[in-house]
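Asks: For this one, chain B is given, so just place chain U on it according to the hints.
Protein chains: 2
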Amino acid sequence: MDRDTCWERLRAARHGVLGTAHATRGVDAVPVVFVFDDDRDAIVIPIDTVKPKAGGRLQRLRNLDGDDRAVLLVEHYDDDWSQLWWVRVHGRAAEADPTPGQLQHLAAAFPAYAAPESVASVIVLAPTHVTGWAAGP
Amino acid sequence: MDRDTCWERLRAARHGVLGTAHATRGVDAVPVVFVFDDDRDAIVIPIDTVKPKAGGRLQRLRNLDGDDRAVLLVEHYDDDWSQLWWVRVHGRAAEADPTPGQLQHLAAAFPAYAAPESVASVIVLAPTHVTGWAAGP
Numbered sequence: 001m002d003r004d005t006c007w008e009r010l011r012a013a014r015h016g017v018l019g020t021a022h023a024t025r026g027v028d029a030v031p032v033v034f035v036f037d038d039d040r041d042a043i044v045i046p047i048d049t050v051k052p053k054a055g056g057r058l059q060r061l062r063n064l065d066g067d068d069r070a071v072l073l074v075e076h077y078d079d080d081w082s083q084l085w086w087v088r089v090h091g092r093a094a095e096a097d098p099t100p101g102q103l104q105h106l107a108a109a110f111p112a113y114a115a116p117e118s119v120a121s122v123i124v125l126a127p128t129h130v131t132g133w134a135a136g137p
Numbered sequence: 001m002d003r004d005t006c007w008e009r010l011r012a013a014r015h016g017v018l019g020t021a022h023a024t025r026g027v028d029a030v031p032v033v034f035v036f037d038d039d040r041d042a043i044v045i046p047i048d049t050v051k052p053k054a055g056g057r058l059q060r061l062r063n064l065d066g067d068d069r070a071v072l073l074v075e076h077y078d079d080d081w082s083q084l085w086w087v088r089v090h091g092r093a094a095e096a097d098p099t100p101g102q103l104q105h106l107a108a109a110f111p112a113y114a115a116p117e118s119v120a121s122v123i124v125l126a127p128t129h130v131t132g133w134a135a136g137p
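Top line first, the protein sequences correspond to chains B and U.
Mapping to our numbering: the first sequence position 67 is 67, numbers consecutive.
Mapping to our numbering: the second sequence position 19 is 19, numbers consecutive.
If we strip away everything but chain B, and leave its shape as in the complex, we get (with noise of 0.2 Å):
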């Protein structure tokens, strides 16, 4: 897949994987939700307040203290596996505060971060390197 077809399924998508180190589990890998700031070249994935968590600061953001090399698959599943695809992001990931235009961009795409406060943080993640693949056409 060349690199213009990755962008454009990456713009398309707004769920995927991301991947951290984890010191001694070596990887974690967790689902996501992102949007992106094109003001950054960057994805950002909400911390948020809505779903619920299991407390204290979340493993993504520890395992990105530590190293902050991170991978964001975002990928489509299908029986028919002339089907499939994949794109995969890896980059630099590192927490901050949401601007006003993320938080914008991210009540846009999902209904429950129009809510205040429904944002506590985002993982701004810098692409270095994008690849894909896909099944078919």
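I should point out that these hints are in silico values taken from the structure, not numbers from a laboratory.
Among the hints, a few may not be true.
[Unchecked claim] If you want the footprint, here are the derived chain U segments under chain B, 3+ residues with CB under 8 Å:
(1) 22 to 34
(2) 86 to 92
[As the list claims (entries may be wrong)] Simulated restraints, written as ranges between beta carbons of each label pair:
(3) E8/U x K51/B: 18 to 28 Å
(4) T131/B x D4/U: 36 to 46 Å
(5) G101/B x T99/U: 52 to 62 Å
(6) E8/B x A115/U: 24 to 34 Å
(7) D38/U x W7/B: 41 to 51 Å
(8) A23/U x D80/B: 31 to 41 Å
(9) A114/U x A114/B: 44 to 54 Å
(10) G101/B x D65/U: 37 to 47 Å
(11) D4/B x T99/U: 42 to 52 Å
(12) A114/B x D65/U: 43 to 53 Å
[Stated by the list, open to error] Okay, derived cross-link-like pairs now, EDC-like style, lysine to aspartate or glutamate, Cα gap no bigger than 20 Å in a straight line:
(13) K51/B x E117/B
(14) K51/B x D80/U
(15) K51/U x D2/B
(16) K51/U x E95/U
(17) K51/B x D97/B
(18) K51/U x E117/U
(19) K51/B x D78/U
(20) K51/B x D2/U
(21) K51/U x D97/U
(22) K51/B x D79/U
(23) K51/U x D78/B
(24) K51/B x E95/B
(25) K51/U x D79/B
(26) K51/U x D80/B
All C-beta atoms in this analysis are idealised placements derived from N, C-alpha and C, irrespective of residue type, glycine included.
Replies: Below, chain U alone, put in the same frame as chain B:
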């Protein structure tokens, strides 16, 4: 989500995301299909000859050569966030020749694997830790 529920949902699934440690990129993630090998209490991920590959030894295998820690995430995404859930298995993984029983399981689960020579090898993931989360009951 309690341990029994985690395993129940894993056993009802056959598709997930495999995370492995990459020497320089930190983490990799790739979609996979899988079956269970009850004789070995292991998750079996085929390396097939069916889906087109970029060529050469797959990066996921090279990653496991260097660090056998792996994670498998199985998840359900839904625009209705009360339906979200995921299960995550950490473990040790290594490439192996498929056993006859594993080939039978794979062929039963995925029609494409009924074809001779369709499975080149398998990644056998021996779970060390399983955890899960569900938004709703």
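Asks: Decide if the proposed pair is consistent with the structure: K51/U and D80/B, CA atoms, cutoff 20 Å inclusive.
Replies: holds (11 Å)
Asks: Check whether the Cα positions of K51/U and E117/U lie no farther apart than 20 Å.
Replies: holds (13 Å)
Asks: Please test the hint of 42 to 52 Å on the beta carbon pair from D4/B and T99/U.
Replies: Cβ of D4/B to Cβ of T99/U: about 43 Å, so the range 42 to 52 Å holds.
Asks: For the range 41 to 51 Å, tell me whether the beta carbons of D38/U and W7/B fit it or not.
Replies: holds (43 Å)
Asks: Checking one constraint from the list: CA of K51/B to CA of D78/U, max 20 Å. Satisfied?
Replies: holds (13 Å)
Asks: Can you let me know if the beta-carbon spacing of A114/B and D65/U is within 43 to 53 Å?
Replies: holds (47 Å)
Asks: Between the alpha carbons of K51/U and D78/B, is the straight-line distance 20 Å or under?
Replies: The given pair, whose Cα atoms are some 13 Å apart, holds under the 20 Å limit.
Asks: So if I understand the rule, the pair passes when the alpha-carbon distance is 20 Å or less; does K51/B with D2/U pass?
Replies: holds (18 Å)
Asks: Run the distance test for K51/B versus D80/U: straight-line Cα separation, threshold 20 Å.
Replies: holds (11 Å)
Asks: Quick one: see if chain B covers the region 22 to 34 of chain U, three-plus residues with Cβ-Cβ under 8 Å.
Replies: holds (count 7)
Asks: Is the hinted pair K51/U and D97/U satisfied, with a Cα-Cα distance of at most 20 Å?
Replies: Status holds; Cα separation ~19 Å.
Asks: Under the criterion that the straight-line Cα-Cα distance not exceed 20 Å, is the pair K51/U, E95/U satisfied?
Replies: Between K51/U and E95/U the Cα gap is close to 18 Å, so the pair holds against 20 Å.
Checked against the numbered hints given earlier, this structure breaks none of them.
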